[in-house]
Structure formats: C-alpha cells, structure tokens
Amino acid sequence: MIRVGVDVGGTNTDAVVMDGTRVVAWAKTTTTPDATSGLVAAVREALANSGVAPGAVRAVMVGTTRFTNAIVERRGLAPTAVVRLGLPATLSVPPLTDWPADLRSAIAARTYVIKGGHEFDGREISALDETDLRRIGRRIREDGHRAVAIVGVFSPVMDRHERRAEAILCQADPGVACSLSHEVGRLGLLERENATVLNACLSDLAARTIDGLVAGLRELRLPAPLYLTQNDGTLMAADDARRYPVRTFSSGPTNSMRGAAFLSGLRDGIVIDVGGTTTDVGAIVRGFPREAGVAVHVGGVRTNFRMPDVLSIGLGGGSHVEDGAVGPRSVGYRLEREARVFGGATLTASDVAVAAGRAAMGDAARVRDLGRDLVARALSRIDAMANEAIDRVRTSADPVPVIAVGGGSVLLPPALPVASRIVRPEHYEVANAVGAAIAEVSGEVDRVFMLAEGRDAVLARAKAEAAQRAVDAGADGERVEIAEVDEVPLTYLPSNSARVRVKAIGPLR
Amino acid sequence: MSITAADVEAIAVGAGILGTGGGGNVYVAKLWIRQLLKDGRTIALRPLEETTDDAWVASCGGIGAPTVSFEKLRRGDEELRAMRALEERVGARMDAVVSVEIGGANSMRPMAVAAQAGIPMLDADGMGRAFPELQMETFAMYGVPCVPAAIADDKGAVTLWDTPMDARELERVARARCIEMGGSAGMAQAMRGRDVKRAAIPGSVSLALRLGRAVIDARERKADPIAAALGVSGGRVLLRGKIVDVERRTTAGFARGRVRIAGDGAELAIDFQNEHLIAWETRGGGRGRRAAGPIRPRDKGPLRQMVASVPDLVCIVASDDAEPIGTELLRYGYRVTVLGLPSHPLLRTPEALAVVGPRAFGYDVDFVPLAD
Numbered sequence: 006m007i008r009v010g011v012d013v014g015g016t017n018t019d020a021v022v023m024d025g026t027r028v029v030a031w032a033k034t035t036t037t038p039d040a041t042s043g044l045v046a047a048v049r050e051a052l053a054n055s056g057v058a059p060g061a062v063r064a065v066m067v068g069t070t071r072f073t074n075a076i077v078e079r080r081g082l083a084p085t086a087v088v089r090l091g092l093p094a095t096l097s098v099p100p101l102t103d104w105p106a107d108l109r110s111a112i113a114a115r116t117y118v119i120k121g122g123h124e125f126d127g128r129e130i131s132a133l134d135e136t137d138l139r140r141i142g143r144r145i146r147e148d149g150h151r152a153v154a155i156v157g158v159f160s161p162v163m164d165r166h167e168r169r170a171e172a173i174l175c176q177a178d179p180g181v182a183c184s185l186s187h188e189v190g191r192l193g194l195l196e197r198e199n200a201t202v203l204n205a206c207l208s209d210l211a212a213r214t215i216d217g218l219v220a221g222l223r224e225l226r227l228p229a230p231l232y233l234t235q236n237d238g239t240l241m242a243a244d245d246a247r248r249y250p251v252r253t254f255s256s257g258p259t260n261s262m263r264g265a266a267f268l269s270g271l272r273d274g275i276v277i278d279v280g281g282t283t284t285d286v287g288a289i290v291r292g293f294p295r296e297a298g299v300a301v302h303v304g305g306v307r308t309n310f311r312m313p314d315v316l317s318i319g320l321g322g323g324s325h326v327e328d329g330a331v332g333p334r335s336v337g338y339r340l341e342r343e344a345r346v347f348g349g350a351t352l353t354a355s356d357v358a359v360a361a362g363r364a365a366m367g368d369a370a371r372v373r374d375l376g377r378d379l380v381a382r383a384l385s386r387i388d389a390m391a392n393e394a395i396d397r398v399r400t401s402a403d404p405v406p407v408i409a410v411g412g413g414s415v416l417l418p419p420a421l422p423v424a425s426r427i428v429r430p431e432h433y434e435v436a437n438a439v440g441a442a443i444a445e446v447s448g449e450v451d452r453v454f455m456l457a458e459g460r461d462a463v464l465a466r467a468k469a470e471a472a473q474r475a476v477d478a479g480a481d482g483e484r485v486e487i488a489e490v491d492e493v494p495l496t497y498l499p500s501n502s503a504r505v506r507v508k509a510i511g512p513l514r
Numbered sequence: 003m004s005i006t007a008a009d010v011e012a013i014a015v016g017a018g019i020l021g022t023g024g025g026g027n028v029y030v031a032k033l034w035i036r037q038l039l040k041d042g043r044t045i046a047l048r049p050l051e052e053t054t055d056d057a058w059v060a061s062c063g064g065i066g067a068p069t070v071s072f073e074k075l076r077r078g079d080e081e082l083r084a085m086r087a088l089e090e091r092v093g094a095r096m097d098a099v100v101s102v103e104i105g106g107a108n109s110m111r112p113m114a115v116a117a118q119a120g121i122p123m124l125d126a127d128g129m130g131r132a133f134p135e136l137q138m139e140t141f142a143m144y145g146v147p148c149v150p151a152a153i154a155d156d157k158g159a160v161t162l163w164d165t166p167m168d169a170r171e172l173e174r175v176a177r178a179r180c181i182e183m184g185g186s187a188g189m190a191q192a193m194r195g196r197d198v199k200r201a202a203i204p205g206s207v208s209l210a211l212r213l214g215r216a217v218i219d220a221r222e223r224k225a226d227p228i229a230a231a232l233g234v235s236g237g238r239v240l241l242r243g244k245i246v247d248v249e250r251r252t253t254a255g256f257a258r259g260r261v262r263i264a265g266d267g268a269e270l271a272i273d274f275q276n277e278h279l280i281a282w283e284t285r286g287g288g289r290g291r292r293a294a295g296p297i298r299p300r301d302k303g304p305l306r307q308m309v310a311s312v313p314d315l316v317c318i319v320a321s322d323d324a325e326p327i328g329t330e331l332l333r334y335g336y337r338v339t340v341l342g343l344p345s346h347p348l349l350r351t352p353e354a355l356a357v358v359g360p361r362a363f364g365y366d367v368d369f370v371p372l373a374d
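Taken in order, these protein sequences are the chains called V and Y.
Residue numbers for the first sequence follow the numbering used here, beginning at 6 and rising by one.
Residue numbers for the second sequence follow the numbering used here, beginning at 3 and rising by one.
Don't read these hints as lab results, they were simulated from the structure.
Honestly, I wouldn't trust all of these hints.
Result set (DSS-like, lysine-lysine): computed pairs, CA atoms no more than 27 Å apart in a straight line [stated by the list, open to error]:
{"no.": "1", "chain 1": "Y", "residue 1": "K157", "chain 2": "Y", "residue 2": "K40"}
{"no.": "2", "chain 1": "V", "residue 1": "K468", "chain 2": "Y", "residue 2": "K157"}
{"no.": "3", "chain 1": "Y", "residue 1": "K244", "chain 2": "Y", "residue 2": "K224"}
{"no.": "4", "chain 1": "Y", "residue 1": "K157", "chain 2": "V", "residue 2": "K120"}
Here chain Y stands alone, though its shape is the one from the complex:
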C-alpha cells in the first residue's frame, strides 16, 4: 500500500503514544513528510515477510536528545546521506528501509528516506516503541551485526563505522559523535533481509496507523479517545490526575528526570530517560514494597510500589483528547492520564530483558508484566 497524507496524520498520533514520552518531535517530522507527499513523492509500505533474504535493508532513524529535536529542526537529508554512505561501503543500493523505532519521530524519518530514495518502507521496526539507546534495538538483541553504520549531521559531515563491534560500543561512539554534531543527527545501519525478518517487530507501522485512526475517529465521534486507544493497544489506565512537579536534567546527551502526577487519592512518580521508564506509586494504593532506583538521593517522598516498567509502555496523554505528551512538554498543572500498555513478546524474552528491563536502566528491580 501507499501511505496517504491522512495515514501520516494517524501514524503520527499512534507513534506519539507508542513513543512513551520520547522519540523526538513527531509533529515537526509529520510536517516534513506532508511536504514531501505534496511535492509528489510516494511512500510504499511493504509487509515484512515480502522482503527477500538477500535484500539490503537500511534501518534508519534519528539519534540525539529530544530537547534538541524540538528546537533545532532537521536540514532534511541527514538519514538519506547516512544511507548513501552505507551503499557506497557495501557496494549495493538499498532495497528498502525499516524504522529503527516506531515510537515518536523515528516513525516518520524512514518515510522521508523512502520518499527521497524511491524505495519501500517495511511494516516493522526495531523497538516496537521508543528506547533511548542503540543496543535496545531488537536487531542487536537477536544478534544482527550493528555495522556498517553511519551518522550524518546538518552541516554535511558523515561518520561511518565498519569495524565489527557490539551495539553498546556503537552506542557509545555514535552518541559521542552525535553530541559533537550538535545533539541531533540522522543514522542508518545496513542489514540483510533474512536478519531483519528474524529480528524486527512485525506490523508496527500498521499498529501505529490503527491506534492513531482509533483516536482520531473517537475524537470526531465525541467518544472517549483513551478507551479507543486501549481498545487497539490493550493495557489500562494507571492514573488520571494533574502534573505537580517536573524535574529535568540533560546529562550525557539524554533528557532525564522525574514527573509527579497527583490524582484521586494517589500519586505516581514517573522516571524518564528520553522515554518514560518506570511508574512508581508514591501515595495511595500500595502494598508497601520499597524499590531502589538510581534517582533515589533526590527523592522527595518514598517510592513505594512499581506499577509499570520497561519494556512495557508507560504513556502520558492529555486527559481530554488522548494527545500524547512528550517529556519535553510536561508542565506543571497539565491534566493528564497515565496509560500502561503491554510490550511485544519479542521484548520480554530473557535476551531482551537483559537490555531493556529495569535493571538495564540501573534499577534494582525485576520486570513485572503489567497487572490487569
């Protein structure tokens, strides 16, 4: 199928929710894709299983701090230039692109490359949501080589890595290079079709599309868009309330912090590192299990009970229209609803939890799947 302008609107909403607070500025990315479609370019969406084993696939997306992507908008060809550098290195044209993460703006950036290069985008992604680091891609979890990889900035510079290394090492060097490039860059990694089929999360673009359509449709029908979203994604409402505190610090290229939301008789503290990681109950409910996390020394109140954690999705949406609210836009006084959505089974295997479970983010707790 070909992606229409209306599909782009819906994917933007769905990807915003799946972005769990991070994943960059999907609104700005959407305007850019809309312009490419207006200019007469097309974006073909291809089912994952239709990829041949020998095909070359570029997984594309942005790398950097969301704070930066809201402020320093893209030049527009960062990922494309990174992909071109890979093609030169492997000596072949890429047959398709695949999103590195469906959550947030990285749902859109591969569409730009597909439109600019005239190749299809696969209906799949490497995270099923958004995560802050490269080793958290399912490609890395399931043994797909992470190189060759390239990143490109807005000033014309491209850096390519092709010596074998593991994804953590690539994350370290690419992150450092990205900060030198101004905190926001385009990235691409070259993979073979057989590896992508094995390791990618299938159907994630169409999931974002269905999720967005359900929300948009419910808004138009004056029905409850939050219920409509949960009808597509599964999961439940963790709390309805008001933001009472937002603490932020940008360290080592990440936007980190904690937001506190007070609702009817309960309060949640949600830690984020670009994306929301863990929701703690600080007041109300509570079976009293105290949890230790790396942000402890700055606590104002005791963290009592973990309610939801990575890799499950903790999403904050506006209470009235289910518009997803990124961590950058969290502000004192907003009326919000916190959702917990179940993660894809590929993210819950022992291999996956080793890199995207709470311990991988420095918390001394085990992953507990969302309670019903």
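Just chain V, with the same shape it has in the complex:
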C-alpha cells in the first residue's frame, strides 16, 4: 500500500512516499506561511522522485507543529470568549487564572461565569441562565470574538447545558466557532477548560489550514483521503482536525520519535532530532514515545493531554556561533542564504561542522579561514549541549543507544559519553515524515456501561469493541493494542454504572 507522509515543521516541509514499510522516495522544501504551497511542492517532488502515480496513493498523512507553534508564538489566534457554566460555584478560581498575560491578550480573552452546570449526580447546580447567554451572545458579536469555549461543570457526566449554550450562542452569531469542553477533555474543570480555550482560539487557523491542505491535494490530483496525526501517534480524519486542532498538539515530536524507532529498528533508546533552530530529545520505550507526567504545559498553559516527554533546547543547524556560544538564536530557514558556507555573513553551527569535517554542505572553502581554536570551542559546546540533553532524558545511569535524526543531526559527533552508540539511520533527514506515514489507526469506545455484570467483563467487552473499531478503520487485527482505559463512575444512575473510554490502536494493514 502506497502512503504519503508529510511533516509541516516550523522550518521545513518534508514528504516521503512509502510502499508498505519501504521508503520509496522523499523530498524536502521550505515551509511556507500558508503551509499549502510548501506541502504541494514537497509532495510533488517526492512523487516525481518515486515514479508513483498520484492515483496509486491510498492515504496522505500530515503531521504539523503549526497549531502548537501558533500557541507558543501567540500568532494567528482567534479572539476568544470563555463561557463557564457553574455559578454560584467555581468563583474562587475564574477562567484563565493561571494563564500567561501575553497569551490572554493574544486571544483578546473575555471570560464569563454564569449560572448553569451540574452536580456530580446530574442535578443542576443552577438552571442554565439563558437570558444571560443571549446577552453574552450579543456581547461576543460586538467584541468581535470569533470563537467561544463553553465549559460546564460536570459536563463529561451531563452535557445538556453545554449543548444548549452552544445552540443559543450560535443563534446569536452563526459565524462563531463553539468548542464544547465535554468533547475536548475529561473530568478536571481547569485543565479541561484550558484545553477547550486552546482549541477554540485555534479554530480560524484550523479551518484555513485544513481547507488549504485539501485544496493542495486537489491541485496535486491526489484522490486519497487526508489524515492528520494526533499527539498519541494515531490518525484523525481532516474534518475532525478542523473541529479539534488541539488534538494535533505535540504530534511533531511524536512522529519524529516513532519515525526514528521505525527507521533504526531500535525499540528502546533516546531520540535526538536536530532541526534548524531547536533540538528535541525524548525517550522511546518499546517503540513508543515515553509520556510526560500528569500536568503538561503548552505555551505556559496547564493541560492534561497525553504527550510525549520531550526536552527542547536551542541548538540547530542554523544556530548562531558567537564567542564560543552556540544558539539559541538561529538563522532558521534562511540557512541556505545566510550561513557562511552558502555565501552568507552569519557564522552558524553548520559552518563550524563543515570546517571540522563533520558535515559536507555548501562551499567548504568559505570556512577555511576559521580559527582552529574557535571551531574546537564551538564543537565542544555543541557536544556538551547534546550530551547534557540526552543525560536529562535518559532513565538510568547506564549509557543508552541514541538515534540521531533530522537535517541538523550532521552536527553531532560520532560518540558521546552518555551514548552507548549513536545510530543515524538511513532517511534520518525525514524521520518525522516517515513517522507520519506509519501513524497508526485507532478505534475508540466512549459510553456508559452498566457494571452489574462485573467490571472485568465490562472492560473486556469495551476493549474488544475498541479493537474491532480499530480493525474496521484499517488496523492489522493481529497487532492491535489497548492504549488507553479511562472510567468515570456515574453514581447518580440507579445501578452501578460508569462512563468507560477505551482506545485501541494498531498499524495499518
């Protein structure tokens, strides 16, 4: 089966064409502000290199850091209102309390806490204040808010008030994009609220991006369905990505780590992905990225997403070299204009690597004049940065196998004190796009079960159902694994019952 994997990164857009588990061809271009033209150029070139006809492609899988970056850089975010349904409870901690001030102002946030929401047993805390909601609807229009996060207390147990609030706000302003918290997150009001607001403020960007990508595939005459990769390494249909952009968070590191594991054949070790500006370091355990702890911060906001535990440092091929210091400033995607070896005026980490004979790119004669002392000092700085980052991520004191990927990984030395060995697999430059191409499909069950027949029997049934759905979605039945099990007891129902959520994932057949 022919698949195209694409990684739309902050600097480069990479595309690979894969036939089963074989990389047929790949291409790398510069990421464009619209994401689409870069993707079209990369895919067109990769397809041309492969000799595969567009009609033979069965799926296009795109991983992108675009939505995470928009939050981190506070760019392209929709003006967003937050409507919390919970009065008179919840007043002690208003929405966005722990948010960085610059992010609040980047989304022109206005928060409302009104009467509504439910108790744990499904009773109303207060009746939903519909008059207030209509007033807020008018206000949202006047303020020019494009998105609304609607967050009801105990909505994962009872979603009625959130749905009603959406209907009222949509009626007031049909153009506004509503994100409902019970569709975005799980129990835990603040973290779910934060995730819902992040999702809401990305709604404009998500719509533009997905429309662009779909148009790009049409331009390429690619009839295959478009998927985006999620933070857990599984695929989501493009329409879902439009509604839940927040689910793509951290899919960049996930893809590069899974791609690195796949290309190297190693199931355990440390992945170091060196890009143009930053280096991501994470651990893989039995082929999967190790997950971060309970609370994960994105752009300074606390969430409860499941994400790989990745350490980012300011080291890349474009990092400035000054007085023996390397980074964090970088020429980024302008490397091929501004670096010395390409005729530019800025001394970068790549120039130093070329001068020392570690890397070959551009014109080595242009860095022949560099002092040996300067080169040695910069290289030892690069090595120390890489060594320290790997050391912080590894889980035991023993040297670990290290998989080096990403275009900038040519900076790295052949050995480091913390590494038992350093493997740079074939196609290391596009590990990220390979990770997208091998993304797995998932099947999910999320509904209320009666536990009367016994919890074990119920869980077994839910797991079997989720696995079957993964198979129906194209997963290899032999290799489906249960990735997530979550239970929310619903004590208000007459018999012992629980909301059970199970996710099964497996590779495409």
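Knowing the structure of chain V, use the given hints to seat chain Y on it.
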C-alpha cells in the same frame, strides 16, 4: 511568620505528598490562596504553643469527594461562612484557625479563612496527613468535643450542629448533608485553645513547607527529588513501576478503588478510600501471608503480603519529579514511585489505631509499622 507566595508553592507540594492520594485538589486551592495574597491579604502562621487555653480556635477544612473538588471548584467563602455561624453560636470571635488535615487541599483552605478573617493559622493540624472521615481527626481521638460544627455550601446554605454527639455521628450527618449540597462543602468546628494544644499534631504546616522546599530545591538542582523528600519525611521507596490497572467506584460520597502498579519483578495493589489505605504485594518478594480485605471478591490476583498500611502514609508520586499524584489522576501507563512514610506517634496509640488502623477501614489485619 507570614506565609509568602513561595511558601504557598512549597506547602502545596508538601501537602500533596502528605495527602497520600487524597485531600482534594491542592492545585486549585493554591491558585485561590495565591490570588488572596495578590489582593494584599496576609496569612500569619503561629506556633501551636502560643495559643492561650481560653482562646477560641476554628478547625477548618473541606468535606466531600475529591472527584467533586477537581470539577466543581469552590465559590470561595464556604469555610468562612461555616466559621461565622460558629461565632454566632458561641457568642465570640475566633482567635485562630487550625487545619483539620494537612494532607491535600485542606492545608490551603484554612489559609483562605485566615486571610479573609484576618486571624492567624496555627502551625498544626488534626491528622498529620489526610484521612477520609471526621472521627479520624486527632481531636476526636483524644476526646475534644466535635460540636459546635457547621458546614456551608456554594449556594448560601449553612447547617449547624450543636447537640452533643460523637464524631462518628457527626461524620454520618455531615456527610449526608454534604452529598445533598453537591458532594463538596466547607466545614468548621469550634474548639478551645487548651484542647487544640493537647490533641493537635504540632508543626505540620512547617513540615509540609520543609518537605515541599526540599522537593522544589532538588528539582532545581537536578538532584533526586524523591530522595530529598525522604530526607525530610523519613520512610522508604516501596516500588518503582508503571500503573497497570485502576478500578474506581464512588460510593456513599467516597472515591474508592484499587490501583495496581507493576515494577521490576514485583507488583503492588493499593486500596484507596479517598486516600491510599493499604499497599499489598501481589507478586514478587512475599512471605506468603494472605490477608483478607473488604475488596476481596473483586480481586484478580491473590493479595499476599501487606507492605504498608494506615496510619502510615502510602504515597504515589511521579517517578521523575516526585510530583504527588492524587487518586483521581491515577491513569493506566503512568510511571510512578510508591513511597511509605512513617506516621506521627500520636496516630499510633491504641486510641488512634482504633479509628485509623486497618481494622477501622474494614480490613482483617493489624497495623504493622513500616519496615526499614
């Protein structure tokens, strides 16, 4: 001393560890205290022995299921209104507040009352950790009258009890009222200074502070925060591993369940009722003593050996940064370290074990202090 914003951060970490999985949402409570400090209010911490015998002290804290406190955040004046009702009843202003339990969010809630009412908080508490029920306060164990007591909800309702009753009876009626109030409420009990000095666990706020500072400092120095915590609290690592199963049910206002953690060649099953109660070894090690517990019928594997039990503290923290993980946040796949910490001597007397030993929670085993 006056509690600073940095102290609040440290107490939150320390109280999270002492919460042994329960004690409610300390993060949310911390945000609330931080806001009160930002608004210019102050929180004075006073040593227990500086309380006069005749002083009025309100022991304050939240009551309810942690599940609820993570989701239905506080209105913010629940405990204060409960305390005001007590003042009206006894006809005097309270001179100080004391935490009913240092573990979890109830380390923070008395701070809110201290800030709002402008009275000091005592460096002490009524549990030395977290426990699920009112009769498990040291005040009750050592004969301090549990009334007058009041609880307040987020809608303005206050219920006060002042007829003499024992703490179990108060627990029963207050729990039922709390469930009617939506599963989370603020509570206060009025006591005299002489009783508090006799029955409270001294120094628990400063213990939480030292514990939190040690962990935060170790994280900043890239040292081992778990070792740093054990350096302050004593105790040891019971297991490092991964969560392989979490079973939950919310019954009668409590979050109950069992979590299984698999580590190198061993597996622990930890039973919880809001807090972690008992750690059983189910595989590996094991001297083969089979133990009977009320959760037996749902067992998947034999429980072989009790490794730690109430009143000693069974804590689950993230393996990398020692961040305490509440029972609500336990999830399949997390990499965690299980710690056993010794309890305060006031919790190990015969009077105390009768209400907070394993038998008090329905287990047919005797308390065995943590092995070294």
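Hint check results:
1. For a cut-off of 27 Å, the pair hint linking Y:K157 to Y:K40 stands: about 26 Å separates their Cα positions.
2. At most 27 Å may separate the alpha-carbon atoms for a hinted pair to count; V:K468 and Y:K157 exceed this at roughly 41 Å.
3. Between Y:K244 and Y:K224 the alpha-carbon distance is near 22 Å, which keeps this suggested pair within the 27 Å criterion.
4. Restraint check for Y:K157 and V:K120: satisfied, since their Cα atoms lie roughly 11 Å apart, inside the 27 Å limit.
In summary, the structure is inconsistent with hint 2 from the numbered list given earlier, while agreeing with all the others.
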